[in-house]
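*Asks:* So the sequence lines, in the order shown, correspond to chains A, B and C. Under my numbering, think of the first position of the first sequence as 52, with each following residue one higher. Under my numbering, think of the first position of the second sequence as 12, with each following residue one higher. Under my numbering, think of the first position of the third sequence as 1270, with each following residue one higher.
Each hint should be verified, as a subset may be incorrect.
Claimed, not checked - Below, a list of computed lysine-lysine pairs in the BS3-like style, where the Cα atoms sit at most 30 Å apart:
1. A:K139 to B:K93
2. C:K1525 to A:K96
3. A:K96 to C:K1795
4. A:K177 to C:K1656
5. A:K212 to C:K1519
6. A:K177 to C:K1336
7. C:K1405 to C:K1816
8. C:K1795 to C:K1816
9. A:K96 to C:K1936
10. A:K139 to C:K1336
As the list claims (entries may be wrong) - Some chain A residues judged to face chain B by a derived CB distance under 8 Å, without partners named:
11. I89
12. Q94
13. G95
14. C120
Honestly, the hints are just simulated from the structure, not real lab data. None of these values were measured; they are calculated from a predicted model. Beta carbons: idealized from backbone N, C-alpha and C, even for Gly.
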Amino acid sequence: MARLAMVIDTVRCVGCMDCIVACKTENQTPEGFNRDWIAYDTQGKFPTLHQEIRSERCNQCSEPPCVDCCPTGASHVHEYGGVVLVEKTMCIGCKACIASCPYDARYVHPEGYVDKCTFCIHRVEKGMDPACVSVCPTHCMHFGDLEDPLSNVSKLLASRKHHTLIPQAGTEPHVYYLT
Amino acid sequence: MHELFSTRNNHLIDPTLAIWGWEIPVYLFIGGLVAGFMIIAGYFTFRGHHKHSDFSNFYLPHLSLVLLSLGMFALFLDLEHKLYVWRLYLAFEVTSPMSWGAWILILVFPTLLVNALVSIPKPFRNRIPIFDRISAFIAERPMLAKNIGVFNMIVGAVLGMYTGILLSSLGARPLWSSSMLWVLFLTSGLSSAAALVHLISTDKTERVLLAKADNGFLIFELLVFVLFFIGLITSTQAHRHAATLLLTGPYAAAFWVFVILLGIVVPLMIQLLAVNQKIKHTAIAPIMVIAGGIALRFVIVYAGQASHWTRMAGN
Amino acid sequence: MTTLSRRKFLKISGATVAAASAVAAAGRSVSSAIATTNVERGDRTVATYCDICFWKCGAIAHVRDGKLWKVEGNPLDPLSNGRLCPRGTGGVGAAFDTDRLRAPLIRRRDRGEDEWVEVTWDEAMTYIAERMQKIKSSYGPESVALFSHGIGGNFFKHTIKAFGSPNISAPSFAQCRGPRDVGFRLTFGEDVSSPERTDIRNAQCLVLIGSHLGENMHNTQVQEFADAVGNGASIIVVDPRYSIAASKAKYYLPIKPGTDLALILAWMNVIVAEKLYDAEYVAMYGFGFEPFAASIAPYTPEWAYPETGIEPALIRATAREMARYRPATLIHPGRHATWYGDDAQRSRAIALLNALMGSWGRKGGFYAPVSMDVPAYPTPPYPTPSKLKVDNPDHKYPFAHETITTGIREATITGKPYPIKGWFVYATNLLHALPNEQETIRAMQNLDLLVVIDVIPSEIAGWADVVLPESIYLERHDELNVEWFREPFVALRQPVVESPNDQKPNWWMAKTLAEKLGLGAYYPWKNAEEYLSTRITNAGMSWEQLKKDGIIRGEKRPIFFDEGVPAEFPTPTGKIEFFSVQLQKAGFDPVPMYKRPEGGPPGSFRLLYGRSPVHSFSRTQNNPVLMDMVDENMVWVNADVADRNGWKTGDWVVLRNQDGVVSNRIKVLATERIRPDCVYMVHGFGHTAKHLRRALGRGASDSQLITRYAVDPLMGGTAMNVNFVTIEATEVAHG
Ligand SMILES: Nc1nc2c(c(=O)[nH]1)N[C@H]1C(S)=C(S)[C@@H](COP(=O)(O)OP(=O)(O)OC[C@H]3O[C@@H](n4cnc5c(=O)[nH]c(N)nc54)[C@H](O)[C@@H]3O)O[C@H]1N2
Ligand SMILES: Nc1nc2c(c(=O)[nH]1)N[C@H]1C(S)=C(S)[C@@H](COP(=O)(O)OP(=O)(O)OC[C@H]3O[C@@H](n4cnc5c(=O)[nH]c(N)nc54)[C@H](O)[C@@H]3O)O[C@H]1N2
Ligand code: SF4
Ligand code: SF4
Ligand code: SF4
Ligand code: SF4
Ligand code: SF4
Ligand SMILES: [Mo]
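Bound conformation, chain A alone (with noise of 0.2 Å):
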């Protein structure tokens, strides 16, 4: 079993939504609609000021209280990696799962079901990253799989400080920043 999860070095990261762009051009989101977004974190006083710039997207919970409030099966737990999955012919759009995410990952696909990250699981059953991971300038994003101790992310997660989004929302989040 993998587990699939996103390590984002926010020590590089300037915020330059080119993964958002590349999110938009690969997965042809419609038009007025992210599947991932840029978060400035700004805390102090100017000039004295500390900013944490965070590349965003869903976290691919483990415990997905979107897959568990879904009534119809739609959202689900794809079986490689624990990728949370959207199958948009069995979403009636009742939107329950929005509410239900407190990262507020997903959105309303204007064809009427709800379309949110998908950890670009198309390319990485290729063997490739995601594209918002492969597109990024300063390198900043890594993926891979945490049951490996020998990935990357395993070996980042080791060896350096990291947060996850809203932890005491008991999700478990996947997408982990390096501070």
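Since chain A is already given, all that's left is putting chains B and C with the ligands on it; use the hints.
*Replies:* Okay, now just chains B and C with the ligands, sitting in the frame of chain A:
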């Protein structure tokens, strides 16, 4: 100083969640109301009330059927992929209150119908012989009628609870993630139902009984509110912020005026006076209670969408 | 403001442009706008290079079922290392833009009102050629000028030179890197050039003075910047605004705008006083160090403090930090340097600070760029113009080594030293690129011919007599990119998909026009492919390989002094000129001296501007992919200032500048990330061209508010950070 600037600008999600419009609160209100009807009607059936009056046992279930259909239609309107609605009945997802709800609704319809069979009014029975036979069959078996009453009460209670659990299972919205929400919705459903029966019932005993009961429900509802807020305020910061959305935040005016004052306190006072025969019963108090019940669903659904783990009130 | 616009705003009207398409339906996938007629199936890729800015990164375009799908970096390309910047990744949006120009247009001037007729290419070219000949016979060929930005203008330059005009200019000099290149030339004898010859990757201490890398997305630089940050390099950022780069800095210096020269002088003062400089390097390569040292002696950190607002202790600490890592200390030269009018001297001070660090020619500093040897296609020599260039009469700006756009504009207005009657404008939106749009408009009133070659109905196209619609970069061949860089390479731009309508590539237009003008001899080749393949074959390379790979790389060569590059400085003394005799002779400070910048009216804020990572200047605001990232600019206002005035993030305001010009409405960004004495906005928004439906009215235009500019006395650059604005609340309905 903490500045959070996000580039995400997805329709219905940013700046705050707005996925659910009027359809869901209307559906939740009607669900609660029908639940209340079922409990009331079930109670009367249980108590053998149908022998004196057919309002609660025959007309109320029918009214429920109509209302629930309307509620389900509102729900249907909310679906983004309407043509796929049948998908709901291709699966039973144990962890999904929405799935439970879909199947509960399926159960509600026959339950209501069976209750209606307990006291089919004369004119109908005279015209359609099978109705007469059914009625007679049930009349001969008092325990059956009682069981039908109990069953209606149970299904009604489940329906009413479910409308609250539907929201409270969505832990991503701190305002909703309260174990008091189902109690609140159930109580409010009962009080609205009681108010409506009080308003339209043809039977005097029912009317008076329900006015009294409603006062009880309203007082209980106030208590539930207190517990609801205590629960939120003593929980995490996100829950505290969620509570302030209603107490002092952007939804405070609607909450205090329409839900608490006009929806509970004022009608409660009026009805207390009326029950104690200080004033006459009028339509005013029950209408206020019903409006308050609607307002409650709207306020909770909208404020709940605005409540968030990180995007705090006022940010 | 409209008093001058005799020709009212452009209506490339829907009635005459037959193919005007319906507004893109909301929610549709941004790429489905391009429906191709062919029935191609499956995926294919074409290697080419990007044109969303001038960095020219190698790219691989993907076509799926005959439709353009996406563009990725070319892994063979040393500029992008296989990863494009966000603008490059979103470049496909240029093809999906439903507002593109579709066919040549001629203004029907004699009909009075602004109205356009769609014409054939032949009609357009005949019209242009006739007018050019008329200008030539009345005023001489020099009276036709070309404004051109980017590699796509090469063939038009060729035609205009063949026609006999030397007046060819780009905003990249007088509105951009001109002062910097002049400052470095005066010091080291060489330009920093583009791509900048900075070895950011290996820098151990990187000083960014306004260079907002991370927002400025020049690809290689950002990649190397991230490497430097990742390597733990000490980053020092000087900016009135807490930029993205500042958030990566060990030291952030929130400088008072316009006082950078004072800071740099104080840094040098500390470094010289404390003898922290590379004495060996200075002794070996420097000229005039003693008078230089004497000249900067008064500029102590204590002196600089009230000027810059930077504490003396912080100035000292950062000066020492730089010295600690030399020679791998890179004080970035910046790029858009036209800020305050002292820009060439400020850039020279940056050059001198680098010289003290010994970073020029050293690893972690500046490398010596190399390039591939690809011979030009042999064509007849150009006629020698009988007049000198018009932009810089009597060498008023003695150190301008490129043509000054605003000089041509000036001559067009005044008719002196001689009249300019025709403008070709290729891929430069002059109304956004040059300061003071009224002057540009006034100049255009004097023209007999204004040809604009663009891909979308931009503001400048609105003023044209003839609009020529160009194929976008993914639909055409262009000149080879034979870049000066860390290592030699040559890159090819080639068509990925066909143009959807009657758009043509620049080479075809320039060649056809030359033929109409009787200059066919300058175009001995049949088409671009023949031209390019001949050049490549003559250089001993394989055309087939280039077509397939998009890039051919040459052998790595030494790029640092240590690696054997000769330490040569082509200045008059052959040395690094700490003291510049040529400046002294021309009447300028031989060592930079500080002059306090002028302030603005009380209660006003200095207007600063910069880049959004997802936009290029004013050219990407109608690109559906990039507009989905950032679809308007906001005005950054210090949080306390905003608080005091009751402005909240998201409030609509308008800006009024010192000359009464009022901007389009713009949203406030109340933030801790900027000083209280200035405001900031991203350049390129606030479009007014009616047919840019996505861009129209989104955000406000800095260019519109830049009515004043200070001219650099050394080289004629137009400094634009000299405008001041007040902020006025406005109701939501505006705009
Ligand atoms: N106020 C202000 N002025 C500035 C700057 C600033 O920051 N603020 N920046 C300055 C700097 S650093 C620079 S380098 C200049 C840049 O100035 P410009 O190079 O003039 O940049 P743009 O404003 O983007 O104008 C480019 C024009 O080319 C068109 N175009 C795009 N692609 C093509 C193509 O493939 N073919 C053709 N024919 N046309 C095309 C676009 O539609 C647009 O009209 O501006 C300078 N001026
Ligand atoms: N995404 C993107 N990237 C681009 C471009 C683009 O259009 N889009 N254009 C490219 C081109 S041609 C150029 S020239 C470059 C321009 O980019 P740069 O050369 O990096 O930057 P500037 O435009 O000079 O300066 C903008 C920065 O200077 C700061 N600043 C303003 N006034 C002062 C001051 O008085 N002192 C100091 N120290 N800082 C000040 C501003 O706050 C802002 O952070 O970007 C290049 N990269
Ligand atoms: S592409 Fe990389 S550097 Fe740019 S915003 Fe995304 S994660 Fe950050
Ligand atoms: S981030 Fe949201 S959508 Fe993604 S798995 Fe977790 S709960 Fe589900
Ligand atoms: S919107 Fe679709 S995916 Fe989400 S819970 Fe409803 S049916 Fe499932
Ligand atoms: S993994 Fe794929 S789908 Fe998810 S954000 Fe990145 S590019 Fe988009
Ligand atoms: S830096 Fe970006 S926009 Fe410029 S050429 Fe490279 S990829 Fe294209
Ligand atoms: Mo520039």
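*Asks:* With the threshold set at 30 Å, check whether the alpha-carbon distance from A:K96 to C:K1795 stays at or below it.
*Replies:* violated (64 Å)
*Asks:* Hey, does the A:I89 contact hint survive, CB to chain B under 8 Å?
*Replies:* holds (5 Å)
*Asks:* Holds or violated: are the alpha carbons of A:K177 and C:K1336 at most 30 Å from each other?
*Replies:* With a Cα-Cα distance of about 22 Å, the restraint between A:K177 and C:K1336 holds, given a limit of 30 Å.
*Asks:* Given the proposed pairing of A:K212 with C:K1519, does the C-alpha separation stay at or below 30 Å?
*Replies:* holds (19 Å)
*Asks:* Regarding the hint that A:C120 lies at the interface with chain B, is the smallest CB-CB distance below 8 Å?
*Replies:* Hint holds; A:C120 Cβ to chain B Cβ min 5 Å, cut 8 Å.
*Asks:* Within 30 Å, alpha carbon to alpha carbon, are A:K139 and C:K1336?
*Replies:* Holds, at roughly 24 Å.
*Asks:* Going by Cβ atoms only, is A:Q94 closer than 8 Å to chain B?
*Replies:* It holds, given that the least Cβ distance between A:Q94 and chain B is near 5 Å, below 8 Å.
*Asks:* For the pair supplied as a hint, A:K177 and C:K1656, confirm whether the alpha-carbon distance does not exceed 30 Å.
*Replies:* violated (64 Å)
*Asks:* Decide if the proposed pair is consistent with the structure: C:K1405 and C:K1816, CA atoms, cutoff 30 Å inclusive.
*Replies:* Violated, at roughly 40 Å.
*Asks:* Taken at face value, is the distance from the CA of B:K93 to the CA of A:K139 at most 30 Å?
*Replies:* Holds. A:K139 to B:K93 sits at ~13 Å (cutoff 30 Å).
*Asks:* Do the alpha carbons of C:K1795 and C:K1816 lie within 30 Å of each other, as the hint requires?
*Replies:* Distance of about 18 Å is within 30 Å: holds.
*Asks:* Just to be careful, I want the Cα atoms of A:K96 and C:K1936 compared with a cutoff of 30 Å; is the pair within it?
*Replies:* Satisfied, since the Cα-Cα distance of roughly 22 Å is no more than 30 Å.
Violated hints, listed in ascending order, are 3, 4, 7; each of the other numbered hints is respected by the structure.
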